[in-house]
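Protein chains in written order, with our numbering: chain R, 179 to 750; chain H, 528 to 1082.
Hint data in this document are derived by calculation from the structure and do not stem from the laboratory.
Label-pair ranges, simulated between beta-carbon atoms:
hint : chain 1 : residue 1 : chain 2 : residue 2 : range
1    : H       : 554       : R       : 470       : 56 to 66 angstroms
2    : H       : 730       : R       : 510       : 47 to 57 angstroms
3    : R       : 704       : H       : 989       : 19 to 29 angstroms
4    : R       : 470       : H       : 1046      : 28 to 38 angstroms
5    : H       : 998       : R       : 657       : 51 to 61 angstroms
6    : R       : 449       : H       : 713       : 49 to 59 angstroms
7    : R       : 302       : H       : 1035      : 50 to 60 angstroms
Below, a list of computed lysine to aspartate or glutamate pairs in the DMTMM-like style, where the Cα atoms sit at most 25 angstroms apart:
hint : chain 1 : residue 1 : chain 2 : residue 2
8    : H       : 1006      : R       : 625
9    : H       : 1006      : R       : 618
10   : H       : 1006      : R       : 620
11   : H       : 911       : H       : 1059
Covered stretches of chain R, going by a simulated chain H footprint (3 or more residues, C-beta under 8 angstroms):
hint : stretch
12   : 569-576
13   : 728-734
Think of the CB as a built atom: it goes at the ideal place given N, C-alpha and C, for glycine as much as any other residue.
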Amino acid sequence: MRPPLHPTPPTPCPLAMRALALLAALAAGPFTAAAQNPTPTYTRADSLRGSNGPGRSWWDVAFYDLHVRVQPADSSIAGYDGITYRVLRPAQEMQLDLQAPLVLDSVVQDARRLAVRRDSNAYFVTLVGRQRPGETRTVTAYYHGQPGRGRPAPWSSGFVWARDSLGAPWVATSDEGPGASIWWPLKDYLGDEPDSQRIAVTVPDSMVEVSNGRLRRTTPGPDGTTTYEWFVADPINTYGVAINAGRYVHFADTLDGEDGKLSLDFWPLAYHLDTARVVWPQAKTMLRCFEHWFGPYPWYADGFKLIETPYLGMEHQSGIAYGNRFLRGYLGRDLSGTGLGLGWDYIVIHESAHEWFGNNITARDYADMWVHEAFATYAEGLYTECRLGRTAGAAYLIGLRRGIQNARPIVGPRGVTAWSGNDMYFKGASLLMTLRQIVDDDARWRDVLRGLNHTFRHQTVTGQEVEDAISRTAGMDLSKVFQQYLTTTMVPEFDYQVEHGVLSYRWTNVVRGFDMPLRVQIPGLGTRLLQPTEAWQTLAAPDPEAAQLEVDERFYVTARNVAAAPDSGAGR
Amino acid sequence: MRIVALLAAATLCPHLLAAQARTYTHADTLRGSNGPDRAWWDATFYDLHVRVSPADSSIRGVNGITYRVLRPAREMQIDLQVPLLVDSMVQDGRTLAYRRDGNAFFVTLRAAQRAGEVKTVTVYYHGRPRVAVRPPWDGGFTWTTDSLGHRWVATTDEGLGASVWWPLKDYLGDEPDSQRIAITVPDSMVDVSNGRLRSTTHNPDGTTTFEWFVADPINSYDVVVNAGDYAHYADTLDGAAGKLSLDFWPLAYHLDAAKAQWRQVIPMLHCFEHWFGPYPWYRDGYKLVEAPHLGMEHQSAVAYGNHFRNGYLGFDLSGTGIGLQWDFIIVHESAHEWFGNNISVQDHADMWVHEGFANYAEGLYTECRLSEAAGEAYLIGLRKRIRNDRPVVGPYGVNSDGSGDMYAKGANMLLTIRQLVDDDARWRDVLRGLNHTFWHQTVTGRQVEDYLSRETGLDLSKVFEEYLTTTMVPEFDYKVENGTLSFRWADVVPGFAMPVRVQIPGLGTRWLHPTEGWQTLAAPDPEAAQLEVDEGFYVRSRNLLAPAADSTGGR
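Excised from the complex, chain R in its bound form (with noise of 0.2 angstroms):
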């Protein structure tokens, strides 16, 4: 998803106060009301935009054929989209998406116009023709208006009227969180993304437009207009549908990649071209590492594409929104507090990575958005360790952590498209290093990620389904680790005392049955996995500075000496 919000204006201030306002920046949280609020309340029209509701389960996105045309003059879009699906069980009310103050104007199937009911942002349609099973039928729903602005884009927002700093219109949409019906009316569910789909935008003479997929065609119009004719062959997230409408200009590169020739397609406005030129190129290096690490690009057939933005980015698939104004970091700092941070652009790195996991594998329910955001961030991680080793890429994922909250679990409500904060991203990363640790064979760990992506390549997914295939990959039961760091805001906890050359040990602060295995340098007897439980176990360590054991910093738990002071060492 979007990059996690950190909108404190890079200022210069002491360290220490960065890191605090690192941490009130996050505290605010991205963007729902809802998310914010402790004990949200979810309504109706939560449930039917974020559950696989009736009006919604019987059939299956096949196509979307989406025509807009784009109007800065008066910030308006009027369209249509043809939408194909296959019925998978007889109904004959359908339920569609699209968000006030936008304003349906009709539905039309078979040449008649429906009679449509709306509820708040869905609209229940009465379809006239009887839908068999295993049948393909279009409805076609036109629309116009002038489309909702949310917070500032990207972590809401649906359309973004700005202009470039000479003045020249420029318009963009971002919609992950309100959803793509912000702007354009579709079954707006994660869990079904069309095949394939078209995406036609008609904007003014002097814009050049550039949404997801290949460019199939330009057409003048006779108005002053030209359309763009964007062809998607995947299947598409729908918040990952975008336009990107500008004083654009394009330079392209080709890989050579796991799975052929991948064509690169960069589209910086054009007074940026040189600037673009200099600091995109990281994306090969990117897309070497991420091939390594997590199979082939996922998106040969639509290509690799960088567009510039006039918010800060977004992994709008194979059209990722970019828009880090060509600085190191994020916005020109370092979230880990390490420096490694500065190493690479922020938002090439981390919203590539969701094209493997976001794009490629897609949560179906925001409430395991940790299955984007933790490897996104992860991937920040393994990006580090391919240009500066290992221990590199351990040392930035260690300093992401003092972003972490532990205020609610990482795993949300689900089924009302709730987004429950920003431990996804950075404790998520930590517990997949964790996670590496236990598998302590490197080899094996890549297969695991590899396989993830092979194995649910252009499909969405439930949480758990990920959390089954990496524990039966990795060879070990995972899930009390998964429960642990996903569905609780507890640091599992290392006790230990060390009394007569006898260390005891045990987890506290952990869910029933944890098992998690721990490497810890035990002085005398040198680094050792041990195997905690909530039981004390015991373990001979007649050294006399065995109290001053140290827990293996990658793990993510905090260690206590019972015997000690209050002032223990805890983790960072």
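Since chain R is already given, all that's left is putting chain H on it; use the hints.
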């Protein structure tokens, strides 16, 4: 020593370069050896008085050299480099005869020198001392002005030697027990030297004398003049050995910048006291003094010229970005208070004891601030600076350094040894023990090596031999055939048997004990050849069955 010169600058370092293909002269031996006219007496006190005249770049002074007679002798070697001139030498109120041999003076003493006696020779001298061309990498006086045009004078002389500006026994192995440094400068200037300021005396001729006193043994190359338009502020550290005074001397117009940037001193001192033991100079205090050169570890008066920026003049020597999290000069030069000033080598050949540990200390400071992994990543990043051009240990007795690899390779050897110890509590004991055992002493590299072997309980002699006396990097050769892993060391000194931690698919992370001969281990996992050697070890690894280009080189 002074900081490592960045990039190509290292190749410009004259005395390092000189050591490469040079034949050593009689003068080098006089300067670098504990010769017959040095060995019989032990310097106990230098009473140095120098008048500094920026107007004509000249100095004039006197050094009262108090010494203990170890063995009866009549001829004494005193060092003072050309073009400075000795005016006279006096003992017991009588001038002494001497002959000059280049930069060495041989003084014929009149009175009998009886073993155990304490006597004094006073040397009067003057002249225009050598002007430093590229301080701190060469020695002499820097006569400059600050950016407001005020006069600014500083000395640097490591390597070249303190005798470039004052007369002494210019031999690393003999430090005085204490020293007075009384510097007279024009009234408009403030002089900051080592130790504590005892008195300030305004003279009738428009000059002021700043009398500094160093209460503990001091390296001769640490004795310093810093004179300029300085401001002062102070702080106190609750340290491991009590209250430690911190005195800061930036140029007046840098007071605000210094107050912000130099705050790093406090976490640095806490970190190094944790790892190395108490700061060695509580009596003399800790000082940072702004200097017109990059920096130098002048004892209890660290010279600072890093422009109040993090990193090394804004660069990160490790290439990781981690080095921009702190001020290189504050961290590196201060680390020398333990390794370099507290523990000082007797011969430049062993300078890795100063630089290897100070470079390693940068990793420890990173560890204190960020994490153990970050500290290690920083040190690993430094490996790209290792050239393996010459051995780290240089030729003995001729005042010559070994390779510039004494920094990054020395640090990575220490990182490797920490892996071998595999016990951070003990490793810390070792580092603290070094500073305790060799407290205020001069040592040989061999003493340090033996101490490390003894206290770690590991025979590290082959490890030191490999990393310090050769340019080879140990190569872990391996191959997997029919479910069997074979492995050995190549590129090593005979008998090299360093254990190494390897993560082997199917077998997890484990210790191997390679030798020069092939050993085998059952490794049935089909991916076993994708084993990975722990990066904490500065070694290379090579899969002999992999295509040649695909072998992993050491970082």
